[in-house]
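Trainee: Residue numbers (my numbering), protein chains in the order written: chain X, 1 to 440; chain W, 1 to 440; chain A, 1 to 440; chain R, 1 to 440.
To be clear, the hints were calculated from the coordinates, so they are not data collected in a lab.
Some hints could be false.
To be verified - A few chain W residues facing chain R, derived, Cβ under 7 Å: (1) K95; (2) R124; (3) F148; (4) G149; (5) F239; (6) A348; (7) A351; (8) A352.
To be verified - Straight-line distance between alpha carbons at most 16 Å, and here's what the computed EDC-like set of lysine to aspartate or glutamate pairs gives: (9) R:K95 to R:D304; (10) W:K243 to R:D60; (11) W:K243 to R:E16; (12) X:K264 to X:D317; (13) A:K264 to A:E320; (14) A:K95 to A:D354.
Beta carbons are placed, not taken as given, at the ideal position from N, Cα and C, and that holds for glycine.
There are 4 protein chains.
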Amino acid sequence: MTSTPSFPTIEAIRYEGPDSTNPLAFRWYEADRVVAGRPMREHLRFAVCWWHSFSWSGADTFGSPVFAHPWYTEGRDEMERAALRCDAAFEFFEKLGVDWFTFHDRDLAPEGASFRESQQHFARMLDRVEAGMQRTGRRLLWGTANLFGHPRYASGAATSPDPDVFACAAAQVADALESTHRLGGANYVLWGGREGYDTLLNTDLRREAQQLARFLSLVAEHKARIGFRGTLLIEPKPFEPTKHQYDFDAAAVHAFLVRFGLEKEFRLNIETNHATLAGHDFAHEVAYAIANDLFGSVDANRGDPRLGWDTDQFPNDIAETTQVMMLILGAGGLGQGGFNFDAKLRRASVAAEDLFHAHIGGMDALARGLLNAVRIVEDGEFARAIAARYAGWDGPLGRRILGGESDLAALREHVRTHGSETLPASGRQEYLENRFARYL
Amino acid sequence: MTSTPSFPTIEAIRYEGPDSTNPLAFRWYEADRVVAGRPMREHLRFAVCWWHSFSWSGADTFGSPVFAHPWYTEGRDEMERAALRCDAAFEFFEKLGVDWFTFHDRDLAPEGASFRESQQHFARMLDRVEAGMQRTGRRLLWGTANLFGHPRYASGAATSPDPDVFACAAAQVADALESTHRLGGANYVLWGGREGYDTLLNTDLRREAQQLARFLSLVAEHKARIGFRGTLLIEPKPFEPTKHQYDFDAAAVHAFLVRFGLEKEFRLNIETNHATLAGHDFAHEVAYAIANDLFGSVDANRGDPRLGWDTDQFPNDIAETTQVMMLILGAGGLGQGGFNFDAKLRRASVAAEDLFHAHIGGMDALARGLLNAVRIVEDGEFARAIAARYAGWDGPLGRRILGGESDLAALREHVRTHGSETLPASGRQEYLENRFARYL
Amino acid sequence: MTSTPSFPTIEAIRYEGPDSTNPLAFRWYEADRVVAGRPMREHLRFAVCWWHSFSWSGADTFGSPVFAHPWYTEGRDEMERAALRCDAAFEFFEKLGVDWFTFHDRDLAPEGASFRESQQHFARMLDRVEAGMQRTGRRLLWGTANLFGHPRYASGAATSPDPDVFACAAAQVADALESTHRLGGANYVLWGGREGYDTLLNTDLRREAQQLARFLSLVAEHKARIGFRGTLLIEPKPFEPTKHQYDFDAAAVHAFLVRFGLEKEFRLNIETNHATLAGHDFAHEVAYAIANDLFGSVDANRGDPRLGWDTDQFPNDIAETTQVMMLILGAGGLGQGGFNFDAKLRRASVAAEDLFHAHIGGMDALARGLLNAVRIVEDGEFARAIAARYAGWDGPLGRRILGGESDLAALREHVRTHGSETLPASGRQEYLENRFARYL
Amino acid sequence: MTSTPSFPTIEAIRYEGPDSTNPLAFRWYEADRVVAGRPMREHLRFAVCWWHSFSWSGADTFGSPVFAHPWYTEGRDEMERAALRCDAAFEFFEKLGVDWFTFHDRDLAPEGASFRESQQHFARMLDRVEAGMQRTGRRLLWGTANLFGHPRYASGAATSPDPDVFACAAAQVADALESTHRLGGANYVLWGGREGYDTLLNTDLRREAQQLARFLSLVAEHKARIGFRGTLLIEPKPFEPTKHQYDFDAAAVHAFLVRFGLEKEFRLNIETNHATLAGHDFAHEVAYAIANDLFGSVDANRGDPRLGWDTDQFPNDIAETTQVMMLILGAGGLGQGGFNFDAKLRRASVAAEDLFHAHIGGMDALARGLLNAVRIVEDGEFARAIAARYAGWDGPLGRRILGGESDLAALREHVRTHGSETLPASGRQEYLENRFARYL
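Turn these sequences into a full structure, and let the hints guide you.
Mentor: This is the structure:
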């Protein structure tokens, strides 16, 4: 089967600069422009996700599929549609100019009637994907296994009350991890799908934590065994689909990893929308991950601040992308991670070119954030302001406290002797926000 | 100075049973009734807090004080009012029939013009408190230091950018911890007041974590030095007053403690309203603490599920109290912890007897929850349902997985051989909720 | 085609009283027991919905269908499955002992390839439904049209930017309204599906309001023309699927109706979960509707107070059902309305009997609330407390103010003369909450 | 008493353009620059509020005052501090270059021991304010009365259960309205303070609505009587201080006004933070008010999207200010309204110049939004896109529907004849968001 072009009217998207009025051009993202010592493409490592962009036909809780793209409607069976989808995806990656993509096993290839048949489907599609990668030079940012869609996972995968379900999950991850390795993936992601609970009345929290820890250990062992050098990533999310997801936020995953001695094996894939659902700013979760040496990668799909579910929108808040890029630059960059658009079109965006608009907008939002952040970091004003604010900790009292040469009694004596008149200097939040706004 | 009775028209509150229509009687709380092997008073270990009940005169962000009780309006100065307050408090504890109370240093005695004067105030009031304890047989559930009210703490205490502020906090805690020890307190609490941030633009997350860890280490050392045997407790809260509190929820504190090797020194004081503000059910936070061996004590003040700030209301949801008591019974009880009413009257509840109504309602809500939970635990239906649900894990596959005798490849082979047809049994949530409702 | 029983192992659910341990029995709902002058079945007018209970096979945003009931998996085509579903539904209504049901046109019968074919499908299934009603004596609480599932409604129905879509919606409502009339429906409901917006950037708010008003006028006219005597109901919801639903809450619908002169034609169908998503207690929305003469009916499906989407759970909070039943009794009862379980099983509740457990639990929760409320209303304590609280308004000043015999200047003179020393009496919230708890 | 300068080191803030690095300069707000036919100062009509900026000393629920500005700490009594505050305020208005201010009666002058004394205080301070206005040329955007701070208002003002409290509120409003008139105020605002409820158990919703309607009628009558030509504004807010505020959002106020026939007398003062607390975007509330001919003025203080209370922060989101300015330009401008900074410093912003930074940042954020919006409106792309999207409504079917020449039956016939194949065109949300981003 040979595919005809899926986006015949669209040519490769080019950088045309901020003044361009061409909606099918980048205004900020200039892949090969070097800033802060690297081309923008290396700073940002953009990835398109297979599932929302090529495997979701627009159905939601309230309505049926709306997208009439050929890979949803043509082909004689699911495998043919999977092939059409694969070709459309690589055409899209090339025309958009992204270097990376991401996938779940089950959006590359449909679930079969048996596990063996699913393996065959997956293997056949992997060949096609590999060919696409060779033909186009695109690379795999990360692979993952869908451990939440099939009915067997209705009560969790690793945390299922049924060990047979755990085994199925293990089998899928073995394949997905090896496939990721085969395709040269830079990372492998575990998103906790339905690892959580809907009611404590039927849940043994302690036992499920042990199951999950066992699962993660097995994954780390398998990684070592097959020689995969990519990073294993866990993606926090607080709710949805379950009432309580075990990987609630960066701190919850951190606690879990440290408790089970897994903190050297896993890092975090922070998603904007999951952060905000958990009650955190996106920047907070990134900052937390960095401050605790757990930062791995980013899913760059925002939510709507008024809505309480994962809306998976493309990023467009420049203040937010700037702040996050400041943090990432400060941490030395994304490393093996990237910015994956785990984002989906609004359901009414039924035109083929909407997929381009969405990604162009997201890439420009992050590129503009990068450029702003580079200027901020190079100016150094914020770093200096922070250093000045904590300067007292470099003085004798501060050094004594942090150096372990003091205790509560000695500090009390210090206060009794020297008084407690010091009031803190202004936090200068409004001043700093104004300075920050200068860069936007 | 001798106080006249503060609640002259109110007599000791007695248990009168569920059919009583006397609003100044308990309908469920029968202090000396033995259930599940202990008197109810030992199961519940109720405590009244000094601050909301005796030091808050009804001012809120939008209005001035409204409570005209003598300890707010009489006395010639703050120290005299503190004495009136102390006497009113012990009268209240006795009439209400609670065994325990809790305090901050600065609601026992007013801040002085200098740290030394504050120490003198505090010492004088401690004598009065100690006399009250001896006279009435009441005991201290926990003490704590107010490290957030004074202007010096506007940018945090242990996490202040100024080490002088850290020193002041250390001095206060030294005194408060020693005072708690002197009064025979069962625990000492650290609530992170303003330990958090309002903007990342002026905040060094990594540095502040180290300051906080240093502070907690000093507290643990001081505890050991003075021979205090009570439990050190940290109380999570997600926001308010700061935009992000470092002790966001149980998992965040857990991560912090494990990372800094402090998990043996501290346990958690879970507050209902803080749990719900963090996006968790109260029961979740208790279950998490128990499952991670961190459970310490409870602040039993609920929020309003529609409101996004700490409303500090008295508990009245029997389903919630029952579920939490099930968890606590399952964990062997409160241990050294208790149920502290860190709850406040609605501002329009200006009558003196409203303080009694509020506590009676809260105590009855928890007592009724306890009685329900005892029946549930004794019937054993839920324990059996959970055991049955996970029974597969006691079979050969389950034991192999958890026993470390399997790996991903072997499990994949298992699935290839045995198939993946198993679908999980019903989670039976609605059935279990109905069974639970039988006990309410 | 003849159906075999869908629930062969389940017999008619009977009332067995609070002490029953039979999970397939009512503990509180005794259909023919007369309280406050009416049988409980008339107080509560329970209805089962066709869509969640018989047309939703357990797919969610993250996973595929899980329910393997015959009406999802058997039959040679959608129309045969629709027939199986119909027979299962009436078997369920009878065994459960509910008198009423509710439907959307498109869950009774599948959408056809053309509007005419859809009409044929619908007509054929209506015959079967009518036969079921005659055979079983069940009645239709309300019908409605699904104006959100089909791709054509992706940008709204009445508020679509395309008048052809408006026409399709009109055509469906004409059929659904006439069908509701034919089946003797007590009400007809309009839930605003996708009437709202996802971004103001593509939306003309003023114009869409006019379209919606026009649509509602046409519905009211058609109702008159065909002689339908049931009540037209609008169901508020704040978000989901759109970012902003025009029928946000009771007050928003109220404003809309009054502005367009439609307030005599429509009443409100209040849904618990929609109320809480909008930031209101369920009781608030009911109280608002009653106080503004707009109360019509109830969708009795609660949410989870921690989750920000419509979880559609069966009610189980007795305090909530009691408070709402107090309001409804105070308003003279449900009138033509009812309690419709627009609620769905948790996705892991895959056993056939889970549908019974869910409804039994919901019916008992409301029945228990009714019984509590009857006692409360008959005791009269709350009514007396409220009357006493506002008694001042029956005095000379209050009558003068409300009677229009005063003005600001006169009231100022009154205050200048008589002073402003009066402080309000205690609001007694904790006292009243305790009294309320006595009835639970 | 003569005041010395309160901000001696700060000179008049000047416009220096986007490239300025002077933190005490405007980068976007150029008061006299004419855009879209008017000077920016007339487009924006900025106002400083008296209360947060000059009467709030930094106390919050968790801590005591922190601001040590002279008008909080000097002066021998409250009246002297009120005078210092007045002089500081006018100095600030002048140096900042805002034309307008706003006040509550009780932040201009302290409450006295009696109503008469309060009147005397207020009258004396009004003289001083009037002198300040004459001296500086500043004008009053609106006045209002504080009907929530005094203990008498603990259960509401107009909706109090006690008519004496209603009378006190009436007296205050009479004075505040007359004072606003005397000072040439452009508007008079009513914010519903504690008009709402904390529990339905003690509340008569219907009765309180009638009280509130009566109160508003009296205010409208008094306005007419004294010849005040300004606009009466109601400011919606959903919660805080009460659990449910009657003026929940724009739609709730709209419903109330229309129901009681007051919609010609009042317009809305929309506050950003109140909008978002109610679950709406700021732009939504403005758009709703405009589409329903109720738009009056704006309180431009944003919240934090993660926090559930009124944080009252200065605006800094350019996308938000741009979108709102598009709406306001489309409605013909602010009219008699303005942008009032009902915003407060973060509590740690203790330096005197922080008040300048905060206002400069807010003014620049709105000025930049204005400049963006002017370009957007002048380009006309969005207006054209919206017109094109709804163009079908200008065709024969659309005109027939809206012109009242069709009915449901005819539309059904139309669909039966012409089919229902039309699918809506793409909503183009991502495209439009990208176009919008071009202007930021």
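Trainee: Now tell me, hint by hint, if it's right for this structure.
Mentor: We went through each hint and held it up to the structure:
1. K95: Violated - the Cβ of K95 of chain W stays beyond 7 Å from chain R, reaching only about 25 Å at its closest.
2. R124: The hint is violated - R124 of chain W has no Cβ within 7 Å of chain R, the shortest such distance being about 21 Å.
3. F148: 5 Å, holds
4. G149: This interface hint holds because 5 Å falls under the 7 Å limit.
5. F239: 6 Å, holds
6. A348: Check passed: Cβ of A348 of chain W comes within 4 Å of chain R, closer than 7 Å.
7. A351: 12 Å, violated
8. A352: Where the cut-off is 7 Å and the nearest Cβ of chain R is about 15 Å from A352 of chain W, the hint is violated.
9. R:K95 to R:D304: The given pair, whose Cα atoms are some 29 Å apart, is violated under the 16 Å limit.
10. W:K243 to R:D60: 14 Å, holds
11. W:K243 to R:E16: 33 Å, violated
12. X:K264 to X:D317: 33 Å, violated
13. A:K264 to A:E320: Not satisfied, since the Cα-Cα distance of roughly 29 Å exceeds 16 Å.
14. A:K95 to A:D354: Answer holds: K95 of chain A to D354 of chain A is near 14 Å, not above 16 Å.
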